[in-house]
Amino acid sequence: MHKIAEVEIQHDIMLANKKLAKRNQRIFDRAGVFAVDVLGAIGSGKTSLIENLIDKMNYRIGVIAGDVISRFDAGRFENHCVPVVGLNTGKECHLDAHLVEHALHDLPMEDIELLFIENVGNLICPVDFDLGSHIRMVVISVSEGDDTVLKHPLIFKDADIVVINKVDIAEAVGADENKMVDDVLKLNPGVVVIKSSLKTGKGLDEIINNIQKFMDEM
Amino acid sequence: MHELSMADAIVKTAIDVAGKNNAQEINEVTIEIGKLTLLNPEQLKFMISVLSENTLLEGAEIIIEEVPIEIKCKSCDFVGTAHDDLDYFVPIVKCPECEEQDLKITKGRECNVKSIKIEKEDDDA
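Chains as they are written, first to last, in numbering that gives the first Met the number 0: chain A, 0 to 217; chain B, 0 to 124.
If you're looking for bench data, these hints aren't it; they were derived computationally from the structure. Careful, some of the hints might be misleading.
Residues from chain B that keep clear of chain A, each with C-beta distances beyond 10 Å, as calculated [claimed, not checked]: (1) I9; (2) N26; (3) E41; (4) I63; (5) F77; (6) T80.
Calculated lysine to aspartate or glutamate pairs in the DMTMM-like style (CA-CA distance at most 25 Å, straight line) [stated by the list, open to error]: (7) A:K185 x B:E64; (8) A:K156 x B:D15; (9) B:K93 x A:D146; (10) B:K73 x A:D157; (11) A:K21 x B:E109; (12) A:K18 x B:E109; (13) B:K19 x A:E7; (14) B:K93 x A:D175; (15) B:K106 x A:D159; (16) A:K18 x B:E98; (17) A:K17 x A:E170; (18) B:K113 x B:E31; (19) B:K73 x B:E96; (20) B:K116 x A:E7; (21) A:K17 x B:E64; (22) A:K18 x B:E60; (23) B:K113 x A:E5; (24) B:K11 x A:E91; (25) A:K156 x B:E60; (26) B:K116 x B:E65; (27) B:K34 x A:E170; (28) B:K19 x B:E60; (29) A:K150 x B:E99; (30) A:K150 x A:E112; (31) A:K21 x B:D7; (32) A:K156 x B:E118; (33) A:K17 x A:D105; (34) A:K150 x B:E60; (35) B:K44 x A:D157; (36) B:K106 x A:D105; (37) A:K17 x B:E109; (38) B:K73 x B:E60; (39) B:K116 x B:E31; (40) A:K17 x B:E65.
The beta carbon of each residue, even a glycine, is placed where N, CA and C say it ideally should be.
Using the sequences provided together with the hints, build the complete structure.
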C-alpha cells in the first residue's frame, strides 16, 4: 500500500545564499580584509576602474575577477602585480556567495587589505546574490543611455556607491548625466553618486576618498 | 535570467527532502516566488522539469505561488503591499500612499521551496 504525505520544507534558496554571504563576511573580518562588490553593466568601466584603484590606492589589494568564460579581466589585473583569482561562471549571469567562498581559498588573504570582487557585467541578476562584501559599488556609463537607472532600479537601491562613468562623452551619446544622478538619488537618497571619466581622471579621487571613508567606518 | 541555478537548487532541495522521508515518488512541489526576484515562472517550471528527468521529481506537478511586494515606506511610514507597476524589465516600486520610492522592501524577494507531496510505502502495510 502507498500513502500520500505532505512534507513541509520552507527552504528559501535566497536565504541560503545570504547565510553563505554572512560566512564570507566573517572570513573577511577575521582576516582584516575590506571587500567591495563591483557591479555594473557590460562595458561600463568596472575593470578599468579597479585597475585605476589598484594603481592609486595605497593598500595591499587583491581581486576576484568574475566573468562568464574568459580570463581577459583576470589577465589585466595580473599585469598590475596583485593577487588575482579568475572566476568563470559558465552560463550563469552572476557571482554567488558559494563561488566567492571557493575563490577565497585561492587568495593569500593574510596579504590582502582591500579586495575587489568584479561581478559579471549585468544589472539584473547579481542584485539578489549577496557575496558577503562590506559595500556594493555599481558602475554604469552614460553610453548605456540616461534611462538605464530607471530601467534597473533594484541594483541602485542596494548600492553604497554609484559611479556614472564616461561623462566626457555624454554630449556625444546624447545622455544627460545629471538626470542619471537624480534618478539614483530618488531611488536611494543616502547613496554616494560620483560622476567620473576614467579617461580624463575626473572623479577618481572622489571614488577613492569614499571607499576610504567606508573603510574607516568599519 | 538565473532561472537555471534557481531551478537546480529547487530540484536538489526537493529530492533531498523526499529521500530523507523515504519517498518513492514526488507528486507535487510548491514554490513561493517573490515578484521582485524577476524569475519567470514558465521558464522556471520548464527548467525544473528538464532537471527532474530520471529523478524522484520526474512528472511532479510544479505549483508556483507568487509573493507580492511588501514595503515599509521611509517617507510616510506606510507598511503593506506596494504598487508594482511591474513589467518584466521595469520594476518600479512605489509607496501607494505618498508615491515616494525611498522604501525598504520587506517581502517579494524570496525563492522558497515551501512543501512537497510525496508517495511512500504505508508503514502499516
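Comparing the hints with the structure gives:
1. I9: Label violated. Min Cβ-Cβ 7 Å, cutoff 10 Å.
2. N26: 7 Å, violated
3. E41: 17 Å, holds
4. I63: With a cut-off of 10 Å, I63 of chain B remains clear of chain A, as the shortest Cβ separation is near 13 Å.
5. F77: At roughly 17 Å from the nearest Cβ of chain A, F77 of chain B sits farther out than 10 Å, so the non-interface label holds.
6. T80: Its Cβ never comes within 10 Å of chain A, the nearest being 17 Å, so this holds.
7. A:K185 x B:E64: This hinted pair is violated, its Cα atoms lying about 31 Å apart.
8. A:K156 x B:D15: 35 Å, violated
9. B:K93 x A:D146: 18 Å, holds
10. B:K73 x A:D157: 15 Å, holds
11. A:K21 x B:E109: 17 Å, holds
12. A:K18 x B:E109: 14 Å, holds
13. B:K19 x A:E7: 13 Å, holds
14. B:K93 x A:D175: Holds, because 24 Å separates the two Cα atoms, which is no more than 25 Å.
15. B:K106 x A:D159: 21 Å, holds
16. A:K18 x B:E98: Status violated; Cα separation ~33 Å.
17. A:K17 x A:E170: Violated. K17 of chain A to E170 of chain A sits at ~41 Å, over the 25 Å cutoff.
18. B:K113 x B:E31: Distance of about 6 Å is within 25 Å: holds.
19. B:K73 x B:E96: 11 Å, holds
20. B:K116 x A:E7: 9 Å, holds
21. A:K17 x B:E64: 22 Å, holds
22. A:K18 x B:E60: 29 Å, violated
23. B:K113 x A:E5: Given pair K113 of chain B, E5 of chain A holds - Cα atoms ~11 Å apart, limit 25 Å.
24. B:K11 x A:E91: 18 Å, holds
25. A:K156 x B:E60: 36 Å, violated
26. B:K116 x B:E65: 19 Å, holds
27. B:K34 x A:E170: Given pair K34 of chain B, E170 of chain A is violated - Cα atoms ~37 Å apart, limit 25 Å.
28. B:K19 x B:E60: Holds, at roughly 20 Å.
29. A:K150 x B:E99: Cα-Cα ~17 Å, so holds.
30. A:K150 x A:E112: Violated. K150 of chain A to E112 of chain A sits at ~35 Å, over the 25 Å cutoff.
31. A:K21 x B:D7: With Cα atoms ~22 Å apart, K21 of chain A and D7 of chain B stay inside 25 Å; holds.
32. A:K156 x B:E118: 44 Å, violated
33. A:K17 x A:D105: 22 Å, holds
34. A:K150 x B:E60: Outside the cut-off at roughly 34 Å; violated.
35. B:K44 x A:D157: 29 Å, violated
36. B:K106 x A:D105: 36 Å, violated
37. A:K17 x B:E109: 11 Å, holds
38. B:K73 x B:E60: 40 Å, violated
39. B:K116 x B:E31: The hint holds at about 15 Å.
40. A:K17 x B:E65: 21 Å, holds
In summary, the numbered hints that this structure violates are 1, 2, 7, 8, 16, 17, 22, 25, 27, 30, 32, 34, 35, 36 and 38.
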